[in-house]
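Student: Listed below, chain by chain, are the residues.
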Amino acid sequence: MSSLTEQFKRSIIVAEKNIKIYYLKGPVILFGLVFPLFLALAYVVGRDIPLKEFLPGLIGMTTFFTATSVGPSIVPWETRSKTLERLLCCPVSISTIIVGDVFSSFIFGLIISVIPLALTLVLGIQPLNFVVLFLGLLVANLCFAALSVLLSAYPPTDVPATAMMLSSLVKFPLVFISGIFIPMEQLPQWGRAIASISPLTYFTDMVRQLFLSRGFYPLALDFLALVAFTAIFAFVAIKLHEKTLTERLS
Amino acid sequence: MEDAIAVKELTKRYGDVTAVDHISFEVKEGEIFGFLGPNGAGKTTTIRILTGLIRPDGGEAFVAGYDVLKNPIEAKQRAGVVPEVSNAYVDLTAWENLALIGKLYGMPSQKLRENATSLLKEFGLYEVKDRPVRAFSKGMKQRLLLCMALVNDPEVLFLDEPTSGLDVESARLLREKITQYNRDGKTVFLSTHNMEEANQLCHRVAIINHGRIAAIDTPEKIRAQSMELQYIEVAFNKPVDTQEFSENPSIAKAVPAGNKLRIYTDDPPTIIEFLVEYAKKNDLRILSLNTMMPSLEDVFLKLIRGKEAVMR
Chain A
1 MSSLTEQFKR SIIVAEKNIK IYYLKGPVIL FGLVFPLFLA LAYVVGRDIP
51 LKEFLPGLIG MTTFFTATSV GPSIVPWETR SKTLERLLCC PVSISTIIVG
101 DVFSSFIFGL IISVIPLALT LVLGIQPLNF VVLFLGLLVA NLCFAALSVL
151 LSAYPPTDVP ATAMMLSSLV KFPLVFISGI FIPMEQLPQW GRAIASISPL
201 TYFTDMVRQL FLSRGFYPLA LDFLALVAFT AIFAFVAIKL HEKTLTERLS
Chain B
1001 MEDAIAVKEL TKRYGDVTAV DHISFEVKEG EIFGFLGPNG AGKTTTIRIL
1051 TGLIRPDGGE AFVAGYDVLK NPIEAKQRAG VVPEVSNAYV DLTAWENLAL
1101 IGKLYGMPSQ KLRENATSLL KEFGLYEVKD RPVRAFSKGM KQRLLLCMAL
1151 VNDPEVLFLD EPTSGLDVES ARLLREKITQ YNRDGKTVFL STHNMEEANQ
1201 LCHRVAIINH GRIAAIDTPE KIRAQSMELQ YIEVAFNKPV DTQEFSENPS
1251 IAKAVPAGNK LRIYTDDPPT IIEFLVEYAK KNDLRILSLN TMMPSLEDVF
1301 LKLIRGKEAV MR
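Just so you know, the sequences run in chain order A and B. The first sequence begins at 1 in our numbering and counts up by one. The second sequence begins at 1001 in our numbering and counts up by one.
Hints listed in this document are in silico derivations from the structure and should not be mistaken for laboratory results. Only a predicted model underlies this, so the values are computations on that prediction, with no experimental measurement involved. Treat the hints loosely; a few may be bogus.
[What the hints assert, rightly or not] Derived coverage of chain A by chain B (criterion: at least 3 residues anywhere in the stretch with Cβ under 8 Å from a Cβ of chain B; other residues may be distant):
#, stretch
1, 86-96
2, 182-192
[Said to hold, decoys possible] These stretches of chain B come out as covered by chain A in the derived footprint (C-beta under 8 Å, 3 or more residues):
#, stretch
3, 1134-1145
4, 1227-1239
5, 1244-1255
[Unchecked claim] One-sided excerpt, in silico: chain A residues whose CB lies under 10 Å from chain B:
#, residue
6, Q7
7, K9
8, I13
9, Y22
10, L41
11, V44
12, R47
13, D48
14, K52
15, E53
16, L249
17, S250
Yeah, the Cβ is synthetic: ideal placement off N, Cα and C, and Gly gets one too.
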């Protein structure tokens, strides 16, 4: 009953609950839809370069912002509305709840990030391998969703707006160091070193390879890095949430 | 009879503060066990440990035979909980809230539907089952929380201040349901501030103070342990000077209580004789005279703040 499969099923139930409750919350709409849209427009409008050239950055940026828009607010919201303790009294572990939160963030990111991808196909811009691109999109969304839930772990606030603001302090610098505005090959050595610590770098690099055949890292390394970042973010998120739980409940 | 809950040397510290200090007790199957204590005594911390929310720093705790530290999921699977500070999901309907909890307990959908329907009808919420909980009153929300705790048909029910802040009608309904649930042989662990509630509902109570168990027994036996708190309440037709009463060696204390006089004594028959004599001698009439046993509240106050706090 308490097997891994049963807990996994319960994570899906937690994710369903999150989808019903949190997808339509103001901050999620703002940070997950409105914000990436305006950022994308600011990125595209007035730049005299072919659409294909800035597609990798555009897809990378929208995927990153949408997949990280739900996660930071769920636990603070549940703390504030006093539903967290009720949820934790059920036969689920913290990891089950965190995995459920990651799923709901992942699904939101995936649904929204498919839009620019579909747009490219409508405009007749074909990636080298659509299946690989879609797999990359799945892994990247999962990675960013895990990061977003990690961002809600500390400090253990019960104010969703504070969690959103603090997560933005991490998300914005990541966008600037991840080879979106300046491709990796044009960065100095120290810039590349900094970029290598951002998961977004590997996704942008992957998309760049699949659309422009110009990548800095091998495609396999991009995948591997995203998988490794996902595992690290999820592990640290579970441990940090476990650690801060008592403080949240008090 | 098996122990539904067993706690051995349970300890929990928050920094320098010991919230729960080596407490031990057992709750028998089918018992309503009251857990009484002032704010900050360690009641909620104990419940949170027993319901697998926080880990203790020492000791052991078993719920329905499962170690809450080693098998928290199995222990939680057999328990239903109404936490002290909790809420249903206000964006979801009453039905969706019950369905969510039932699914998280891994209930088969048919059984979940049956239980949810029956509970919502029993608690007078069936007609509003499709309304978002946001529109519910506090009493309705609390009734829904109890439905959520019962939907999985738990062996052990943990209730942390379930009637706190409720109107009289809702509180009464909740008490009735707790008793009814217990009649079906289920165990209830009830944390409450309300002494009368504990007195009415509980087979046994534990009084916790500063993280330690100060007393544990049936309400009657606990009261009997504090016979020095029994008193005689007498009303005379004229005001009297209490000085003469204080000089009597059988009287622990005499204090005015409204138009009456409250006389604390461990020997009521002697004091009744004394009062009759006193009335004759001073040309007084006794309008009323009652011998009162100490209430659970009196014993509680004595254990928490000392005898003087009761005899004020």
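Student: Run every hint past the structure and note whether it holds.
Tutor: Going down the list of hints, with the structure as the test:
1. 86-96: holds (count 8)
2. 182-192: violated (count 0)
3. 1134-1145: violated (count 1)
4. 1227-1239: violated (count 0)
5. 1244-1255: Our answer is that it is violated, as 0 residues pass the Cβ test (under 8 Å) against chain A, missing three.
6. Q7: holds (8 Å)
7. K9: holds (7 Å)
8. I13: holds (5 Å)
9. Y22: Interface hint status for Y22/A: holds (9 Å vs cutoff 10 Å).
10. L41: Constraint on L41/A not satisfied, violated at 31 Å.
11. V44: With a minimum Cβ separation of about 36 Å from chain B (threshold 10 Å), the hint on V44/A is violated.
12. R47: Status violated, d = 41 Å.
13. D48: violated (46 Å)
14. K52: With a closest approach of 42 Å, the K52/A hint is violated.
15. E53: violated (43 Å)
16. L249: With a minimum Cβ separation of about 7 Å from chain B (threshold 10 Å), the hint on L249/A holds.
17. S250: Status holds, d = 8 Å.
In summary, the numbered hints that this structure violates are 2, 3, 4, 5, 10, 11, 12, 13, 14 and 15.
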